[in-house]
Structures are given as structure tokens and as C-alpha cells.
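One-letter residues, chain by chain:
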Amino acid sequence: MNLFRQVKTLIIKDLVLEWRQRYALNGILLYVASTVMLVYMAFTSKAGGMDDITWITVFWIILLFASVNAVTKSFMQESTGRQLYYYTLTSPQAVILSKIIYNAFLLLLIAAVSFLAYTILLQNPLTDIPLFLLAVLLGSISFAMCFTLISAIAAKAGGNASLMPILSFPIVIPLLALLITVSKGALGIGDSNLNKDIGVLLAINGILASVSFILFPYLWRD
Amino acid sequence: MNFYLKHNWWKYLSVGLLIYTIIGGLLLPVPQLGIINETIRNVYFHVPMWFTMTFLMVVSLWYSIKYLRTFDRRYDIMAAESANVGLWFGVLGLLTGMVWAHYAWGKAWSNDPRQTTAAMFMLIYLAYFVLRGAIEEEDKRAKVSGVYNIFAFFAYVPLTYIIPRLVDSLHPAGGGDSPVFNRDDMDAGMRMVFYPAAIGWIFFGMWIMSLRARFKLLRMKRLEM
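As they're listed, the protein sequences go chains A and B. Each residue of the first sequence is one higher than the one before, counting from 1 in our numbering. Each residue of the second sequence is one higher than the one before, counting from 1001 in our numbering.
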């Protein structure tokens, strides 16, 4: 089997697995819903609402935590025996690529649901919605690139759940800073060279993807 | 004697340069500038800390790559000890910088991009040591932490490019207008101390690292016996 067919099969396998045990996906969606509700209660009861920059920042922080929670399980949900079985069938590159692509789709779904819930409950101060949606799209892909290898590392370290945020947050900060800058552009504020920011974001994604691609084969075998 | 000079010349050089740095750095004349005045002498101690930290982190990256190519545990120990000593130099750099910032900028922490990137850098390496602590089995620890070390380093490099663009810097030659001083303000006399100081501190960092690594290697050998 060549790489692309392997990747395709593995993604379909992940999708089917997710669909059969929906509790993980439902759990994350419920997590997003309750966090948005919490933010709604905290900001709009008597505190006088939130300003636009807080709106963006809180949105990205909700998305960040939901993404970490969603990606953490990507190498933990299957038993080591079954992983060994995949490793005899496919190449490590196919495994990491399929996980990155699958996680990107998963995070996109989560981002879409959060955006909907967030807009319904906390209004929408955006002036340029397509640009914000582009930022959300890029953000989901970036988070998937960044967190997938880290989740493999955390899984190798014994599946300690607290390890995942410790390892990934310092790394994701440049991405988050750029995403918030691009989102500020969707409010009509912030700097004017958005194309450059998006270019840098794509370049970082390229670096993270290629480093993951190179390093994962060292990690996958015990 | 000849043998020691041949292999350890850099240790003698480090000691000599650091003695020169301390005496010359505190006594030789410096340009008198507003606001910072004599605190400019901190350049000989604060800036080389960052040079040394960066140098040791690159060494750590180098040994992590070497480990993954050979699976020789000695390289893993070298990588961990470089990161460890580099982290301590980072702490010293941050502390010397905060004392200086307190007098020159009025606050110990003023959201300067270099302070932020330095803090992020140290968070990454603290996470590296938490990860090492979380894995019991030695070969697995070496492999997993080596992978994280390389991944984190390459993820960190763009940060040094991005953050200074997003926030104005108070540091000289770092984005916004500096109210304090320019790199050009360092005159020839100061350069005569600054460059030897940088080399001296880098060798000193290497020395501590090699001592710690040799100690760990001996302990590893004793455990294997």
C-alpha cells in the first residue's frame, strides 16, 4: 500500500471508531457548551458585558482548552496491542499524517460548534466575519499540527493527562499570538499587514508538520 | 602540565577572561548615558547569560539529534545536562535583567518582548524536565525527551521572530524606539570587555555542563556494574 492509501484507510478507521464510541466527541462538545455558558454567566450578569478584544481572547482560550482535551486522547484511546498491530501494517509517517489530518477535521468541527454557541450567547462584534472564519480555520489546523505529536509524546510518558498542557502550551503560544492578531483584523483593529501574519502562520505550520513527520518514527516503537 | 594545557586550555581561558571581566568590567571607564549611568556595566553580565543559554540549548539540541541517530545513552545525558545548565543561565539572565529593568525602566517586569520570549523559552525547558521526570524507564525517557527537545526547539525559533513584531521593545535594537540606549552606544572600550566576557561565560557554561555530564556518566556506569 502506498502512503496516501494508508493515510486514507487510517483516517476512515479513526472516523468509524469515533462514530462508534461517540461519548468522546459528545464530551468535548458538551465541554465547549458548558464553558461558553460559564463565560456568558460570568460576563453578562452584572459585570457590564465584555469588550471586543476580550471577546476574541476568551474565544481563543476556550478553543485552545477544548482542542487540547480533544487531541489528548488521539494516541491513548487504543490499546498498545492494537497500536502494535497498526505498526506492523502501516508506516509511521502514515500514522502521524492520518492523525494530524483527522485531528484537524475534529478541531474544525469543535471550532464551528464553539463559534455558533459563542455568537448566539455573547453576540458578535465582528466586522469582517470571513476573515475571522479564516483565522478559525487556520487555528484548527495549527492546533492539530502542534498537538498531535505532543499527544504522542504524552501518551508515551504513561498517559498522564496533566502532561499534555504543560508540554503543549509553551509551544502553541506563538501560534496563538498570531491568531489573535489576525482575529483583531476581523474587528477592524490591529496591524495592517495581515497577509504577512497569515504567511508566517502557514510557515510555522509547515515547520511543525515536517518536524512531526521526521520525528514520529523515532517515537512510535517501544 | 602540558597535557592539561592541551586539553583544558579553554578552562584556563575561561577563568582568565572572567577575572578580567569582573575587574575590568567594574573598574574600566564606561560612557556616561542618561538614566542608566553606571548600570551599563551590567551588559558584561546580563547579555552573556543569554548568549550562554542559547549556546547551551543549541548544544542540547545537537546531542538530542545525535542520540536519536545512535541511541547511545551518553548523548542523552549530555543533552539533558546542557539544557539543565542552560536553564540556570537563563534564570541568572532573567534575574540580572529584572534588577536592571527595575532601575532603568522603573519596573522589574514591563511586558518587554525579550522578557516574554525568554520566559517562554524557560517554560519549554522546564516542561522538558517535567517530561523526563514523568518517565521511569531510561531508554524510553531518552527517546521521548529527545523528540520533545527537537520539536520544542523548532517550534520556539519562530517565536523570536514573531513576538518582537507584536510588541514594542524597550531593549536596544529591538523594534520600537528605545528610551534607554542603542547598541551603538557601546564604545570601543566597552567592546574590549564585552566580547571577552561573552566568550568567558560561554566557556564557563560549557565547563559546568561537562562536569555535571561526567558526574552523571560515572553514576550511570556504577549503576550498570
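Since the hints were made in silico from the structure, they are not lab data. Backbone N, C-alpha and C fix where the C-beta goes; we use that ideal spot for every residue, glycine too. Mixed in with the good hints, there may be bad ones.
Among the chain A residues that face chain B by a calculated CB cut under 10 Å, a handful are [unchecked claim]:
no.	residue
1	24
2	25
3	29
4	30
5	163
6	167
7	173
8	175
Computed footprint of chain B on chain A; a stretch qualifies when at least three of its residues, placed anywhere within it, have a C-beta under 8 Å from a C-beta of chain B [said to hold, decoys possible]:
no.	region
9	65-78
10	140-153
Legend entry - chain B contact restraint on residue 163/A - CB to CB distance below 10 Å: The hint holds - residue 163/A has a Cβ within 10 Å of chain B, the shortest such distance being about 6 Å.
Legend entry - Agreement of hint residue 173/A with chain B interface, Cβ distance less than 10 Å: Where the cut-off is 10 Å and the nearest Cβ of chain B is about 6 Å from residue 173/A, the hint holds.
Legend entry - chain B covers the region 65-78 of chain A, three or more CB atoms within 8 Å, holds or violated: violated (count 0)
Legend entry - Given coverage of the region 140-153 of chain A by chain B, tested with a Cβ cutoff of 8 Å and a minimum of 3 residues: Since three or more residues must qualify, the claim that chain B covers the region 140-153 of chain A holds, with 4 doing so at under 8 Å.
Inset, instruction - For the hint on residue 175/A, just tell me whether its beta-carbon gets within less than 10 Å of chain B. - result: 9 Å, holds
Legend entry - Supplied contact hint for residue 167/A, tested at 10 Å Cβ to chain B: 5 Å, holds
Legend entry - Interface hint for residue 24/A, Cβ within 10 Å of any Cβ on chain B: 23 Å, violated
Inset, instruction - Mind checking the CB of residue 25/A against every CB in chain B and telling me if the closest is under 10 Å? - result: 27 Å, violated
Inset, instruction - May I ask you to test the interface hint for residue 29/A with respect to chain B, counting a Cβ-Cβ separation under 10 Å as satisfied? - result: 28 Å, violated
Inset, instruction - Have a go at the residue 30/A hint: is there a Cβ in chain B nearer than 10 Å to its own Cβ? - result: 29 Å, violated
The structure fails hints 1, 2, 3, 4 and 9 (numbered hints given earlier, in ascending order).
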